[in-house]
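Engineer: Listed below are the residues making up each chain.
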Amino acid sequence: MLTYLRRSAAQLVFVLLGIALINFFLLHLAPGDAAQVLAGESGAATPEYMEALRRQFGLDQPLYIQFLRYLGNLATFDLGYSFRQSLPVSELILQRLPATLLLMGTAIGFALVAGCSLGFLAARRAGKLTDTVISIVALLFYATPVFWVGIMLIVVFSVILDWLPVGGMTSVEANLGGLALVGDVALHLVLPAVTLGLFYLAIYARLMRAAMLEVYGQDFVRTARAKGVRLRRIAWRHVLRNALLPIVTTLGVQLGSILGGAVLVETVFSWPGLGRLAFSALFQRDLNLLLGILFCSSVVVVLVNIAVDLVYTLLDPRIELG
Amino acid sequence: MARTDTASLPPTRTDFRDRAVGRLLRRPSALVGLILLAGILAMAAFADVAFPGDPLDMAGSPLLRPGDAAEFPLGTDMMGRDLASGIFHGARVSLLIGGVAALVSLVIGIGIGALSGYYGGRVDRALMRVTELFQTIPPFLFTLALVAILQPSIATITTAIGITSWSGLARLVRAEVLRLRNSELAQASIILGASDARIIFLHILPNALAPVIVSASILVATAILTESSLSFLGLGDPNVVSWGGMVGAGRETIRTDPHVAAIPGVAIVIAVLALNLLGDGLNDVLNGKGERR
Amino acid sequence: MSDPVLAVDGLSIAFQTRRGPLPAVRDLSFSVGRGEMLAIVGESGCGKSLTALALLGLVPPPGRVTGGTVRLEGRDLLALDEAALRHVRGARISMIFQEPMTALNPVLTVGEQIMEAILEHEPVSRKAARERTLALLERVRIPDPARRFAEYPHRMSGGMRQRVMIAMALAGAPAVLVADEPTTALDVTIQAQILSLIDELRREQGTAVVFITHDLGVVSRYVDRVLVMYAGRKVEERDTRDLFADPFHPYTKGLIAAQPRGLAARPQAGPGPAGVARERLTEIPGTVPALAAMPPGCAFAPRCPLADDRCVRTVPPPRPAGSGLVACHHAGESHAI
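Taken in sequence, the protein lines are chains A, B and C.
The opening position of the first sequence corresponds to residue 1 in the numbering used here, with each subsequent residue numbered one higher.
The opening position of the second sequence corresponds to residue 1 in the numbering used here, with each subsequent residue numbered one higher.
The opening position of the third sequence corresponds to residue 1 in the numbering used here, with each subsequent residue numbered one higher.
None of these hints come from the bench; they were simulated from the model.
Please note: incorrect hints may appear among the correct ones.
[Claimed, not checked] Some, not all, of what chain B presents toward chain A, calculated at C-beta under 8 Å:
{"hint": "1", "residue": "G99"}
{"hint": "2", "residue": "R129"}
{"hint": "3", "residue": "L133"}
{"hint": "4", "residue": "L141"}
{"hint": "5", "residue": "I149"}
{"hint": "6", "residue": "V247"}
{"hint": "7", "residue": "N276"}
The beta carbon of each residue, even a glycine, is placed where N, CA and C say it ideally should be.
Next comes chain A alone, as it looks inside the complex (with noise of 0.2 Å):
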C-alpha cells in the first residue's frame, strides 16, 4: 500500500511537471509576448500593469528562469489572474469544478450502469435478435458526435415534448431551496448527463459483450456448470464479475476524453461547469485561464485514475497495490 501511494504520488508529480511544461511551452507558442497573453490579448490591462507583469514573472530573465518561476507559482496552487472575469484561475476553476464533477459523475454512472447491463443482456442472448438489435443501436451511439446528440435530445424533449429543461443547471426565475432545489438540479442534469453518457454507454456495452462471451470460454464457467449451478447464477456471479475488470480499467484510461466531451455537453446546455468556462476562455482569448482549466482537469484524471486503481482491487483480489 504504503510503495503504492509512493508510487503514484511520483507519477502526481511527474504528469504536473509534463503539463507544466507543456504550459508553459504553448504560452511561448502564442503570438505576442507572454505578458500579452497572461494578461488576455485585447488589451484588457493598462500598459503600466503590463509592465508589472513583465517583471514579476521575469520576462526579461532567460527562459530557464521563466519556467522555474512558473512552477514555483503551480506548486503554490497560483494559476495566475484572470483579467477577463477578474478573479483569480484557481478561484474561478474551484467555482466551477463541482458543476462539471456532478455532470461526469453522473453521466459515467448512466454509462456504467446501463451499457453494462446491455452488454451483459446481449452477452446472454448472443446471436439472437436482441443481441443484434444491442449490437446496432450500440454501434450508432459510438458514431453520433456528443454535441449533435445534445441538440437532438434538446429538440425532441425541450422542444417538442417540453418534458425538461433546454439548459442551465437551475431555474432562473424560481427562488428554490432544500429538496426543491436539489430536484431542480436532477431535472437540469437529465439531458447533460445522457447526453454525455450515451456514447461511454455504447464503449461499454461492446466491450461487456465480448468480455462476458470470453468469460464464458474459460474454465472455472465449465467447473461452475459441472458442479450444477444455474445458468442465470453463472452469469451473474462467475461472469459478471470477471467481465467488469476490463470495464474497470477502460473506464480509467477514458477519464480524459470524458472530461473532453463534457466541455462540449456544457456549452450545448450552457451547464456552469469547466467546460463552459473553458469556452468562454476561448473566445475571450484568455489562456492563461484555459491552460489552468487544462492543468487542472489532468490533475483531476490522475486522481480519480488512483481511485479506479482502488475500486479494481476490490474487485480482483489477484491484484494487490504495491
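For this one, chain A is given, so just place chains B and C on it according to the hints.
Structural biologist: Relative to chain A, chains B and C alone:
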C-alpha cells in the same frame, strides 16, 4: 486438449492475405462500412461537379425545408446556404482532416511505440512516461488549447489532432514490437548483425501491421469526430465548410427549423459509422478472432 | 459385477462442421460399479476428454452427442433437459479438471465456491453449508480450513487448488466422480498425494471414479480396470493387472512400453508375439490420424507393426479377450483367448 487438436490448420501467410479481402467482403457489417465509405468518398470527389461554387455563399432564400425547392433537396440554412452543397464539400474537409490527422498520429505512435518496444530499458521507461502524460491530459481540451493558440486552419487542426491522439497506438505498437522482437526471425537477424533500422522496418513492423491497420480506421473515425467537435465550437477553419460547423450554425434555429442542425449530424454519423464498421470487420479478419493465439 | 452405477452404451460424439459431422468418439461402451475406479487412457486427441464431458452433458459446441446412452443409476442423462441435468451435475455425478489454476473462479474465495456446490442442490442454510464446507476441506486434508475458506485461489499452490476441486466435487456426495487428467499439471510428489486421496475417498464413500489420463503409469497402482481409447474408439478394456501383464492390442503394448520406470520390463505372462513385445518402444512412431482423415479400416493400422490388408480395409470389431475386450484383427493370433 482433444478438442483443439482437431481445429483447422492455420493458413499460410500468403494464403491468409489472399483470402482476407474475400472474408472481409463476406461480412455484412464490413461490406456496409465499405459501401458507405465509398459513397462519402464519391461525394468528396464530385463535390465541385455536383455543386460548383462556394458552399459558403448564399444560394437561395433562407431556411428552406427539404423538399421546399427542387434545386435545394436538403433545404437551406438561415443564411440561405445550400445544405446539400455543404454536405458534399464538407465530406472533403472531414476526410482530409481525418485522414491526415490519423497519419500524423500513426507516424508518432508507431515511432514511439517501435523505439520503446525495441530498445526497452531506459528508452522505454522515458517514452512510456511521455505516453502516459499524453494519456492523462484530456485530449479534447488539449486539442482545443493547441488550436486556439495556433489559430484555426486546416493545417493547425490536423496537426493538433495528430499530436493529441497517438498515445493508445504507441502502447499497442510497443506491445507488438516487444512480442515480435523476441521472435526467432528477429533474433536470427540480430545474430546476423542486421542494423536496428533494418530489423525494425523489415522484420518487426510488417508483422505488427494487422492491429495497426485496425486502429488506423478507428483513428480516422475519431479524428473526424474531433474535427467536427472543434468546428461545432467555432474553432474550425473559417474558410471552408465543415459538418460540425454546419451543426453549430443550425443550433440557432432548432426551435423552428431543426433540420438545419440535424442533416449535417447525420452525415457525421454515417462517416464515423462506416469507418467503425470497417475497423470491426478488419479486426475480425486480420486478428482472426483468436485464431492466431 | 453387480448393477453398474454408470453405464455408457454406444456413445458417439461428433463435431458439427460445414462439411458435415466429424465423428470424434464412436460407439463407446463401458460401465463402472460402486467404488470402482476405471481409467480411460489414450493419447491427446483420442476423444477421452470429450467422453468425460459427455458424461455430464457438457460437450461444448461444435461438438454434439450423436448417439448412445449414458445411464447414471438407471437414468439416461442424455435424455434429460438442461434443467433436469443441472440437478444431477454436482449432486450425483461431478467432475474435476486438469487445470486447477483456471478451473477455479479467481474472484471468489474457495469457501464460497465449495459452498455454492451445496447450496445449489440442497435447501440448507448458509451456516450449515459453511460447516459442511469446512468439514470437506478437512476431509481433503487442507490444513487450517477456517483460514483457507476465505482464501482466493491464486494464493494456493496447484496441489491445494486440486484438493479444493476435489472437495467441491465431493460436496454433494456423488455416485460418480469423473476426473479429467487431474494430476497432469502437478509435480510428481503432489500427483501421488492427489491420487491416493482420490483412491481413499472412493474406498470410504463408495464413489465410482472414471479417471481420464494419457499416462498409464500414473494410474496403474490405483485403478481396477483400464479402457484404452484410440482415435475415438475403444481398442482394449481389461482388468489392470491383466492388461499390464499381457496387453493384447499393439497400441496398448506401445503405451506400456512408452512408460518410464521400467513398466515395460515386467515379465510377460504368455508367449508374446515375437519381435513386438520385446521391442522397447520409447514412443509409438507416428501420430493419431486427424478426424477428417480417418482411415477406413483400423485407425491404428498406419502406425502398427502388425498391420496387413485386412487391417487397412475393415475396422476390427471388439471381441471378448481375457478379463475384457480387445479390438484387433491380430489379437488372438498368438494368444489363447
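Engineer: Does the CB of L141(B) sit less than 8 Å away from some CB of chain A?
Structural biologist: Check passed: Cβ of L141(B) comes within 5 Å of chain A, closer than 8 Å.
Engineer: Report holds or violated for the interface hint on N276(B), using the least CB-CB distance to chain A and a cut-off of 8 Å.
Structural biologist: 6 Å, holds
Engineer: Taking the closest Cβ pair, is L133(B) under 8 Å from chain A?
Structural biologist: Since the shortest Cβ distance to chain A is 4 Å, the answer is holds.
Engineer: Under the criterion of a CB-CB separation shorter than 8 Å, is G99(B) in contact with chain A as hinted?
Structural biologist: 17 Å, violated
Engineer: For the hint on V247(B), does the least C-beta distance to chain A fall short of 8 Å?
Structural biologist: OK, holds: V247(B) within 8 Å of chain A, min 6 Å.
Engineer: Any CB of chain A closer than 8 Å to the CB of I149(B)?
Structural biologist: With Cβ-Cβ at 5 Å, under 8 Å, it holds.
Engineer: Taking the closest Cβ pair, is R129(B) under 8 Å from chain A?
Structural biologist: Holds, about 6 Å.
Consistency note: the structure conflicts with earlier hint 1 alone.
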